[in-house]
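Knowing the structure of chain A, use the given hints to seat chains B, C and D with the ligands on it.
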Amino acid sequence: MKGYNEAFQDIPGTVVFDATQSRLGYHLNQFCMSLMKADNRAAFKAGERAYLERWPMTEEQRQAVLDRDYNRMIALGGNIYFLAKIGATDGFSFQNLASKMTGVPEDEYKAMMVAGGRPIEGNRSKTGKAK
Amino acid sequence: MKGYNEAFQDIPGTVVFDATQSRLGYHLNQFCMSLMKADNRAAFKAGERAYLERWPMTEEQRQAVLDRDYNRMIALGGNIYFLAKIGATDGFSFQNLASKMTGVPEDEYKAMMVAGGRPIEGNRSKTGKAK
Amino acid sequence: MARITAGLTTSHIPAVGAAIDLGKTGEPYWKPVFAGYEFSKRWIAEHMPDVVVLVYNDHASAFSLEMIPTFAIGCAESFQPADEGWGPRPVPVVQGHPELAWHIAQSTILDEFDMTIVNRMDVDHGLTVPLSLLFGQPAAWPCKVIPLAVNVVQYPPPTGNRCWNLGRAISKAVASFDRDLKVMVWGTGGMSHQLQGPRAGLINRDFDTRFLDGLTKDPEALAKIPHVEYVREAGSEGIELVMWLIMRGALERAAREVHRFYHVPASNTAVGHIILENPPR
Amino acid sequence: MARITAGLTTSHIPAVGAAIDLGKTGEPYWKPVFAGYEFSKRWIAEHMPDVVVLVYNDHASAFSLEMIPTFAIGCAESFQPADEGWGPRPVPVVQGHPELAWHIAQSTILDEFDMTIVNRMDVDHGLTVPLSLLFGQPAAWPCKVIPLAVNVVQYPPPTGNRCWNLGRAISKAVASFDRDLKVMVWGTGGMSHQLQGPRAGLINRDFDTRFLDGLTKDPEALAKIPHVEYVREAGSEGIELVMWLIMRGALERAAREVHRFYHVPASNTAVGHIILENPPR
Ligand SMILES: [Fe+3]
Ligand SMILES: [Fe+3]
Chain A
3 MKGYNEAFQD IPGTVVFDAT QSRLGYHLNQ FCMSLMKADN RAAFKAGERA
53 YLERWPMTEE QRQAVLDRDY NRMIALGGNI YFLAKIGATD GFSFQNLASK
103 MTGVPEDEYK AMMVAGGRPI EGNRSKTGKA K
Chain B
3 MKGYNEAFQD IPGTVVFDAT QSRLGYHLNQ FCMSLMKADN RAAFKAGERA
53 YLERWPMTEE QRQAVLDRDY NRMIALGGNI YFLAKIGATD GFSFQNLASK
103 MTGVPEDEYK AMMVAGGRPI EGNRSKTGKA K
Chain C
13 MARITAGLTT SHIPAVGAAI DLGKTGEPYW KPVFAGYEFS KRWIAEHMPD
63 VVVLVYNDHA SAFSLEMIPT FAIGCAESFQ PADEGWGPRP VPVVQGHPEL
113 AWHIAQSTIL DEFDMTIVNR MDVDHGLTVP LSLLFGQPAA WPCKVIPLAV
163 NVVQYPPPTG NRCWNLGRAI SKAVASFDRD LKVMVWGTGG MSHQLQGPRA
213 GLINRDFDTR FLDGLTKDPE ALAKIPHVEY VREAGSEGIE LVMWLIMRGA
263 LERAAREVHR FYHVPASNTA VGHIILENPP R
Chain D
13 MARITAGLTT SHIPAVGAAI DLGKTGEPYW KPVFAGYEFS KRWIAEHMPD
63 VVVLVYNDHA SAFSLEMIPT FAIGCAESFQ PADEGWGPRP VPVVQGHPEL
113 AWHIAQSTIL DEFDMTIVNR MDVDHGLTVP LSLLFGQPAA WPCKVIPLAV
163 NVVQYPPPTG NRCWNLGRAI SKAVASFDRD LKVMVWGTGG MSHQLQGPRA
213 GLINRDFDTR FLDGLTKDPE ALAKIPHVEY VREAGSEGIE LVMWLIMRGA
263 LERAAREVHR FYHVPASNTA VGHIILENPP R
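First to last, the protein sequences are chains A, B, C and D. Here the first sequence stands for residues 3 to 133, numbered as in my numbering. Here the second sequence stands for residues 3 to 133, numbered as in my numbering. Here the third sequence stands for residues 13 to 293, numbered as in my numbering. Here the fourth sequence stands for residues 13 to 293, numbered as in my numbering.
Just so you know, not all the hints are guaranteed correct.
Straight-line alpha carbon distances no greater than 16 angstroms define the calculated EDC-like cross-link-like pairs of lysine to aspartate or glutamate that follow [as the list claims (entries may be wrong)]:
hint : chain 1 : residue 1 : chain 2 : residue 2
1    : C       : Lys236    : D       : Glu124
2    : D       : Lys236    : C       : Asp123
3    : B       : Lys128    : C       : Asp33
4    : A       : Lys131    : D       : Glu241
5    : B       : Lys39     : C       : Asp123
6    : A       : Lys102    : A       : Asp71
7    : A       : Lys39     : D       : Glu124
Note that these hints are calculated values from the structure, not bench results.
This is chain A alone, in the form it adopts within the complex (with noise of 0.2 angstroms):
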């Protein structure tokens, strides 16, 4: 069990959301359900700060939201298909997000995805222990 969150931790670029993150995360990710709704996508958009200050979460986070900083987000406890509704309320796709957090532009991003992906090789182990 404990082995079982370990292993995780040899993965390259990559946080699963496990109890740790889900608890440091939960008022950030709740306040993301808010913008299901219509009014309180508006009410964000309106001041997004005002709007932030609404949920108990940490400072850090509200930044992090303000500014679209979604790799510290998921730092922060963020999961991403909760961060997601931030992006869908900014009427960016998820192309987009993805640039941001690969920290590449949009249509280089595209290019790679177009060309078949991010390779596996060279992605798969920190350690080099998984080949």
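Quick look at chains B, C and D with the ligands alone, frame taken from chain A:
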């Protein structure tokens, strides 16, 4: 599986809250859940029929609630754990509800309980298959 | 490592909670009920757990018909007493143990129990009355509590065998939790009672006695009892007894009965209460 | 009696739904994706089921972090398309089959699966995109749908083995339903994709091909794949593939592959689609 549900039908004076009952009583039971809020209890007390009209239950179900006919409510899909909220709203104990359902005065019902409760002998089986 | 030191079962009758809350425990009707818990209160003060895994059923309080989980484990920091129609019970907020609760959730899911993880939930008399019976009326509960809610409202509930096996999986989960904690598992509900219809008030002392005997001596046999036998013999709400098997499955086979109490009636119900201790390590 | 005639798997990518809803299916980027479903649309028109048991994962739409069921079966009369942040998809309301859904719930619970019964739930792209892919844009869906939501958001999800066994239990449940119904089981999600962080965009054609091959030939081996291997080899959202094992477990061992389609990319994802037919009776 068919046998599973049918086996219960041999037990006298008992309705098992299976899929059929649950589907039948869905809105009746959800109405009961609403009585977990003080505001709703006040609204119900202020005008029972008007409050019941808000819930898409059958007219028969509404009448059974107005009549506090618990056996009828159970026959129409009510579950006692849900229906207990009506009793609580009325300020009645469970023993009061039991006296209503068994058709004996509350004193008499209480005396039966103090004397050891309703005996199992003679109350196991409609058909007599189970002794 | 964490370890399960003991388990207990108790009825969780709402009228018992009301008797405590309204100061009626000394009345002739109630006195014999509470007398049965005098030993238990001293015993638990001497063996105070850090955490109780409290197996109970929600009585249409946290869970409506919109969503009915078979097994729901409470992983929140705390749980508020539910308003069951007469205002919330005047008892302390229940403090959870999220670390252990999540650990049990993870371990049991990997052991192929299909748990529902709950992070927000009010707890009703099914959970708070047992706390009152064992701990009285403190300003705060003296230990953490992990609520484990079992569906016995909507048919079918889990089988007795499934409950027994969940208990065993909980025992394994607790044993693999890397903190030095004393854990108890409580099974609540029962014993014989029927709250509905013309058969309300049913009590079956023989069935209850056999169940109490079997709990220590032959729990595997109890785990084989089909639902229809509970309903027939112990009344429609007697089905709550399947939850006791989760407690029993979480204890060792060699667990020893240190206290037993049986009384009829409390309101509509036969009160059954038993304490089992795991062998000392 | 009801019988399972066939099963299929398909990705359920939201961008595919958007391409359909916005009339972009003829664009060069999307054309090859939809071409892979041309056979399937003809096939299903010829083999129209009465009911589809549609295995999918909710993407934080119906289930927030308040309550996370491992397996949730939708027993309602109907299910509304969810608003996932850009308004609900313009697709028909999903009509359920409460009788069969409740029957499956009862049968699987008695077979010791700890199902959550859901009577009110909106359904997101995970469920509606597969319907659009197979049925296009009708005014009403041509069959009933029983949603079966599997947690793959909160770790741990159910094991592959547990999913496989749930499929088998569903097969048994359908076979014991006393009405003459043609039932299909669909497994959705996957194949390789990662939607989060610096590794987003990962695609593993080899893994996907082996998975598609194994689905017909050696599903027992697929059922042994641990979660970490899915995440490592197929990306963090590749874990959705465990749901395909529920479909496969519900079909007979001798089921025959009648169609296969694999395409990279649709948005961030490798599209995988396979149709399996049970042997004729
Ligand atoms: Fe109870
Ligand atoms: Fe998905």
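Structure-based check of all given hints:
1. C:Lys236 - D:Glu124: holds (13 angstroms)
2. D:Lys236 - C:Asp123: It holds: about 14 angstroms lies between the C-alpha atoms, which stays within 16 angstroms.
3. B:Lys128 - C:Asp33: violated (41 angstroms)
4. A:Lys131 - D:Glu241: holds (13 angstroms)
5. B:Lys39 - C:Asp123: Violated: Lys39 of chain B and Asp123 of chain C sit about 39 angstroms apart, past 16 angstroms.
6. A:Lys102 - A:Asp71: Cα-Cα ~8 angstroms, so holds.
7. A:Lys39 - D:Glu124: violated (37 angstroms)
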